[in-house]
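From first to last, the protein sequence lines stand for chains A and B.
Take 328 as the starting number for the first sequence in my numbering and just add one per residue.
Take 328 as the starting number for the second sequence in my numbering and just add one per residue.
Worth double-checking, as some hints may not be accurate.
Since copy identity is lost for identical chains, a pair holds within one copy or between any two.
[What the hints assert, rightly or not] Here are the simulated SDA-like pairs of lysine to any residue, each with C-alpha atoms no more than 20 Å apart in a straight line:
hint : residue 1 : residue 2
1    : K337      : G356
2    : K337      : S351
3    : K337      : D376
4    : K337      : F357
5    : K337      : E371
6    : K337      : A361
7    : K337      : A347
8    : K337      : R366
9    : K337      : V358
10   : K337      : E390
11   : K337      : P373
Read the hints as simulated data drawn from the structure, not as lab findings.
Number of protein chains: 2
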Amino acid sequence: MRLTVLIRPKAGILDPQGDAVQGSLAHLGFVVSAARVGRLVDLEIPAMDEVAARREVERMCAELLANALIESYEIVTGPT
Amino acid sequence: MRLTVLIRPKAGILDPQGDAVQGSLAHLGFVVSAARVGRLVDLEIPAMDEVAARREVERMCAELLANALIESYEIVTGPT
Chain A
328 MRLTVLIRPK AGILDPQGDA VQGSLAHLGF VVSAARVGRL VDLEIPAMDE VAARREVERM
388 CAELLANALI ESYEIVTGPT
Chain B
328 MRLTVLIRPK AGILDPQGDA VQGSLAHLGF VVSAARVGRL VDLEIPAMDE VAARREVERM
388 CAELLANALI ESYEIVTGPT
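The task is simple: from the sequences and hints, build the whole structure.
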């Protein structure tokens with residue numbers, strides 16, 4: 328089963344990458360009032376029901392994938 | 328209007344970050360058959376209709392956000 332974890336800097340946390348993207352887009356002539364950059368992780372895990380799979384991925388987020396102090400995450404299933 | 332761009336390494340492109348994540352998860356005892364790491368960019372752009380907004384973000388992807396040679400991207404609207 329495939330799940331995707333979307334990891335974003337929390338509101339209020341500095342995001343220099345996002346600032347750079349916003350600046351570069353402005354430089355290219357695009358009008359963007361905010362840009363934030365995060366990560367995504369696509370995971371393929373052995374078949375289990377969705378509830379169990381989400382619980383497993385929650386644990387992966389807590390133990391490795393996200394830094395809860397400065398990042399929020401969201402787990403989405405299916406092709407995103 | 329808020330749009331999110333999901334950027335992933337194309338199939339067949341080496342993804343050392345994904346390999347590292349998969350290795351670390353295995354080390355922690357998780358069973359993961361594949362892990363791929365990509366980026367996401369949340370963009371806040373001035374109100375326009377969704378079709379125009381997507382077209383604008385397509386251009387941002389082509390000009391700055393994604394490297395079409397090695398990355399694929401997907402534009403999603405609304406809170407993801």
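Any hints this thing doesn't respect? Which numbers, in order? Violated: hints 1, 2, 3, 4, 9, 11.
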